[in-house]
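So the protein lines, in turn, are chains A and B.
When the first sequence is numbered by the working numbering, its final residue is 1466 and no position is left out of the sequence of numbers.
When the second sequence is numbered by the working numbering, its final residue is 222 and no position is left out of the sequence of numbers.
Read the hints as simulated data drawn from the structure, not as lab findings.
Note that this is a predicted model, so its numbers are computed, not measured.
Among the hints, erroneous ones may be present.
Claimed, not checked - Some chain A residues close to chain B (C-beta under 7 Å, calculated; not the full set):
| hint | residue |
| --- | --- |
| 1 | Ser1219 |
| 2 | Ala1298 |
| 3 | Glu1314 |
Every residue gets a Cβ at the ideal spot worked out from N, C-alpha and C, and that includes glycine.
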Amino acid sequence: MIKSVYRAVVCALLVLVATDVRAQLVIEITRGQEDAIPIAIVPFGWESTGTAPIDVAEIVAADLQRSGRFAPLDRKDMIERPTRGEQIRFQDWRYLRSDFIVVGRLMPDGPDRYATEFELYNVLTGQRLTGHRLSASTGSLRAMAHRVADIVFEQLTGIRGAFSTRIAFISVEGTPPQQRYKLIVADADGENQQVIASSSEPLMSPAWSPDGQSIAYVSFEDKTSAIYVQTLRTGERRRVSARAGINGAPAWSPDGRKLALTLSRKDGDVDVYILDLATQVLTRMSFDPGIDTEPAWSPDGRKLYFMSDRAGGPQIYEVDIDQPNRARRVTFEGSYNARPRVSPDGKQLAVVHLDRGNFRIATVDLATKAVRVLTQGRQDESPSFAPNGATLIYATQDRGRGVLATVSIDGRVQQKLTASSGDVREPAWSPFPPEPAARTARTGAE
Amino acid sequence: MRITQLLLIVVSGLALAGCPKKPTTIAEGQTQEGPTGAETGTSLDSGDVSGSALSAEEAALEEARRVGTIIYFDYDRAEIKPEYVPIIAAHAKYLNGNPNRRVRLEGHTDERGSREYNIGLGERRAQAVRRALMLQGVTEAQITTVSYGEERPAVLGSDESAYAKNRRVEFVYSR
């Protein structure tokens, strides 16, 4: 009895801490798309007693708004609130200049479960574009709402939605030499923050495993760098590289079996290696006496891109895994190109590019080698692609503080994610979650 | 929605049902061991404590520390500038006279440029100091290096004066 009371108190404390953390990231859209698609996300009907456990429509509208491609209609302007297709009076919504409308309902679905049914219509033609039934436990209702946004987004843009994904990042509080470093994972909308690891020594370079179940990162907890792999669900943690010198820049191979990483060994020569996680076998991938680091895999797993200062300043090189001796230079525009990340389609790199004295995020088209600067900061770094390739998240500075920001791949949509305290940095966008096929059902006739 | 995903969301959401998993709190390192005011060149008098006469070894270390414990670098460079040669010489003298003592060289950079490149640059700086010590007779076994890149700045700030203080290698002796 006492034990269970104790446990309840501990739970309450943790939840309090979590609530505090949860309020931290505030998203502000700094630049939207002018031709955003007007859409009405009507508040969902609640088919039970009391109040609904979640406002699905609010979450869907916020997701679509944040994408910058949609302009959801303000609720105050809705003169009626249909919850089924047959209740929609299309002429009213045409008058409100919404091109599309989403209507739906939320209902209990057994103990501790809820289901939602929703439909998407073209307001101009009255055509029903899609309809689905989704079900989730009480603890995953936000995830269910993000899934609704994913479906609507994909139906209208042809691009898979990334609202059900997560971001990992590092937060730092305090002033030197007393600083606290945290590795945090949050939903893509900044909600549901969870501290994965916390240390008084630096934590850096988080990298998602391709299955989204684990994160590799660098920790200095033993007063020297080491790479750890931590499973998110269980918290289980494994030290995978703690060799003399640098252990840095982990990057998972697409099959999840290997890590590319940076080692300096005893002689201090900083080079890229591949570590087989099962056999612990190391294969050297770069051979220059300069600094070679920041490896990134091509999506087919055959090539590594990495940064090297062998030609003077940092530039990006590529190497075939089978022929590590033959590195080829990839970037030529500008005196500084570093921290490559490969787009999901393998066609471009996101890099940190020195643009007239400012570090900014740029893309490099791998076919044409054309560089396109996407951001306007002074100290922008650590770009990471959303798994649908449509958006990049990166770290920037805002009034002397580290904040996260996103930019659409065409540079048109930008937003800032500001933490309420401390610095946040090194964002890493998760892969897509596994297809939630089992619990999603398409409803009605097309 | 698959069970694994649901579990993930439940765990990550610190859901109402069940006690959530605690985050990994990594045991506190001895942060006090890091750079302090006593190591920034002009040493504080630790001799104030009455009756604590310094041993010959401690006095020799104090002597080296008085010359300096931090070497500063130019932007994106790892060459040791002439004004820091006396610091290297002082610590080489101490380490040569005390072959069982070890020094830890901590390389740092300013915040400009990418983080992992800066880890490489901090290592390059620490290695430059290591080589200079070894040229003066210090053995390999007496030296360890670590690069913190830009992760542990001496001071916060995004101006040249802050940058200059952060581009450094610190000599750290542990007991």
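Let me make sure I understand: some of the numbered hints might not hold for this structure. Which ones are they, in numerical order? Structure breaks hint 2 only.
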